[in-house]
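Residue numbers (the UniProt record's numbering), protein chains in the order written: chain A, 1 to 245; chain B, 1 to 220; chain C, 1 to 439.
By construction, these hints were calculated from the structure, which means they are not laboratory data.
We put the beta carbon where it would ideally sit given N, CA and C, even for glycine.
Be a bit skeptical, because a hint or two may be false.
Derived CB-CB ranges, DEER-like [unchecked claim]:
1. A:84 to C:111: 20 to 26 Å
2. C:341 to A:62: 52 to 58 Å
3. B:182 to C:327: 38 to 44 Å
4. A:80 to C:186: 23 to 29 Å
5. A:150 to C:117: 34 to 40 Å
6. B:23 to A:20: 47 to 53 Å
7. C:111 to A:80: 22 to 28 Å
8. A:194 to C:215: 27 to 33 Å
9. B:23 to C:111: 20 to 26 Å
Here are the simulated PhoX-like cross-link-like pairs (lysine-lysine), alpha carbons at most 25 Å apart as the crow flies [stated by the list, open to error]:
10. A:222 to C:244
11. B:49 to C:2
12. A:24 to A:126
13. A:104 to C:244
14. A:104 to A:18
15. C:52 to C:2
16. C:67 to A:87
17. A:47 to A:87
18. C:273 to C:309
19. A:226 to C:244
20. C:257 to C:114
21. B:67 to C:297
22. B:67 to C:273
Here is how the chains run, residue by residue.
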Amino acid sequence: MAGMELLSDQGYRLDGRKATELRKVQARMGVFAQADGSAYLEQGNTKALAVVYGPHEMRGSRSRTLHDQAVINCQYSMATFSTAERKRRPHGDRKSTEMSLHLKQTFEAAVMTQLYPRSQIDIYVKILQSDGGNYSVCVNAATLAVIDAGIPMRDYVCACTVGFVDETPLADLCYAEEGGGVSSLALALLPRGGQIALLQMDARLHQDHLERLIEAAMTACKGVGKVLDEVVRQHLQEVSVLTSD
Amino acid sequence: MMEVCGSGIVNLREFGCEQSLLSRPDGSASFIQGDTSVLAGVYGPAEVKVSKEIYDRATLEVLIQPKVGLPGVKERSQEQSVRETCEASLLLSLHPRSSLTLVLQVLHDDGSLLSCCLNAACMALMDAGLPMSCLFCGVTCAIDTAGQIITDPTATQEKESRALMTFAIDSTEHRVMMSSTKGSFSVHELQQCIAVSQKASEKIFQFYRDSVRRRYSKTL
Amino acid sequence: MKDTPLSNCERDFLLKAIEEKKRLDGRQTYDYRKLKITFGTDYGCCFVDLGKTRVMAQVSCELVAPKENRPNEGIMFFNIELSPMASPAFEQSRQSELSVKLNRQLERCLRNSKCIDTESLCVASGEKVWQIRTDVHVLNHDGNLMDAASIAAITALRHFRRPDVSIQGDEVTVYSPEERDPIPLSIYHMPITVSFSFFQQGTYLLVDPSEQEERVMDGLLIIAMNKHREICSIQSSGGIMLLKEQVMRCSKIASVKVSEITDLIEKALENDKTARKAGGRCGYAESITQERITALKMDETPVEVTDVKETASDIIQKAEPSPHKVPSLVVPVPGVGQVGQGLKNTWGLEEEDDDDEEEEEEEDTNDNGSAEQEEDLTVMEEEPHKTGESREANVVELSDSEEEEVIILHPETPDRTPKNTGSTSHQKGAAKSKKRQKK
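Start from the sequences, fold in the hints, and give me the full structure.
Shown next as structure tokens:
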């Protein structure tokens, strides 16, 4: 979008946020009854739905069974109505396959797969409305779904996309900011240990700014982590209130 | 009246060959004719998929990869020609229930591509040490508009020719193992081209012998 | 074909050696293998040897219509082919995980970083733009395909020359290389990837892993940079957990390596330019070194063919005509050619049986299959009309047949009978029934 300032002089972005402000996060866990775990997460205008099945017996190719840990099978897809123009091919193209691989890699690092040898955990994520930060929202939604399924994890996996404009890191990019040729960095973090599960960056960024950008991303992720923690605790309270009656 | 060539001499372009240039395949060779160059890699005998196994012979699979784009129907027909030639010369019954994979990569195409593929394939099979009953070589002849026979044509010569023929000749009895032709020509011209190819194949076989001799020699 | 798995003792040996800061080929932790760049005969063809890993890149261009949302920009298309030659584990079918990863990484490294000026590729806005297609073929896999592929791709793009185009009003003329010299692409910067492999949960780090090191590694971090110290892309893969300090350290190492590699590329391009200017033949053929024992070159050889004509005439005279009699062609009706009569059917049905069933069959047993195919070929163009004999065919229609609609053929009348999808086999069935009547 030429001509639109991504960061005004007073420090306000296109949607009125400050540079380090995250979008509003709303989440619900336990959305589907038949799935083992499910979650719905909205981060600003990006909406994602995550569903977890497992751990269960290996389905599909038995040859891929691992004798000492569980296999995590992820599928990422976007709804055809999620973008401004109708998406012709929601899954199977290279971008979706790459995203699925990244999700798989992220969760393999976080989920304690040694507890479930010879089994399979399926994570399906669907983007219902895409407004930037697709990967991060998917990871956050999938974290909640995995927690809802009761699968033990080492820590929350929080993800956030940050960009770099005018020497300032912007946290949690929206679609307009992503498309403007801004260098964007997607980071998936386990907040307690500060360990990075996935780091992905596109577009040019000078090496000297890298450290600041990663710092900003980690801070933003920790912020997201706090919100997710809140959501989980609240959900637990609701559920325990319901069941105690 | 068909003339072979007024002076009774046809020319083959420069040859070059290098063997064992790739570390992963069991045998590899690159063959260069003028500007046309083809790289061949052979894997085998190796494990074969149950669906493709043959109980008394090895299964030979040939793949030709073009330089630009994906393999299409043209590559499939060339693969067929190369595979038939190789199956005729390899002793496949020595390795039942195994697979031999021959992969050819076109590095540059400046005419006579199929014969360059055949030559590269033969050298790669030799390099892999697969048992063969005879060696084979490929020769391409083109008949230009004046009726002259040109061997080993370049791409421009191929485009201007009236007919284009590729023959695979074996080394023991200099017979034709495979032929692939394009264009119109008479029976006389065909026989002349076959005779020319047989003469030309002698030079190529001499080149094979020299390469292998050089390779196993103690002094350069 | 399956790849040979790595044995446990090999794996343990590699890991132990890495712990002691030793590598199998004697390199240091941050050393690259020997990098060799050569060019092919035509512009845009480049071979890269990184140790034993061998990769070839070819750039080609074509005029196409631009994308709708970007009418002023040219199109860049990248494709990495994992040739089955490179490793026994690579199959011809493309969509393996590694293939997707490499392709996406190359696209992100080269396309998203905007290293090429796509607006200069526009010829007629909204109608014709150049599509630059880069094909990278992996010829030998000995580790670190990503780096080799990125070096090959960017070098090939630098080497490539596209045809010159001139626009006069509405007319666009594309000049061939003979008419006007082709012009190079406008490339802003050269992004090159550097791969770091991590072992033992991120404790040990190696640059430019070889194939065996790749098999035992935990994960890979790929950083694409250019020599101006701008990071074009970072990607961590594999289930490793990184710390921020590790990423910073890797980026510093990467900047050093990238500047070294960029210098090498520039030197190679310079050498090639001088060689071409000097008019010498350049290309793959010239790069074969004569000192190697496995290589041999032979110059143009003349072949004596003086007695060819006599040999050829001899052969033709001695050749006897083929004993196999080919039946001659019969044209029963204009537009239909028939060769051969086919065989009598051997079903053993009664002659006078009027309840002939007309069904679709596959006629493999029929020896004159080729003849029938000829009939089919000619028939496909025309309406179905098979006349072998001038005789009526009594054909009975079965109303409750499970197959498709049955056609009634009247050989005498040149009426057009309706054709449906199963008609070819119907013809065979019809012809057979007619032949049955012949008895």
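Hint check, failures only: The structure conflicts with hints 3, 4, 5, 9, 14, 18, although it agrees with all the remaining ones.
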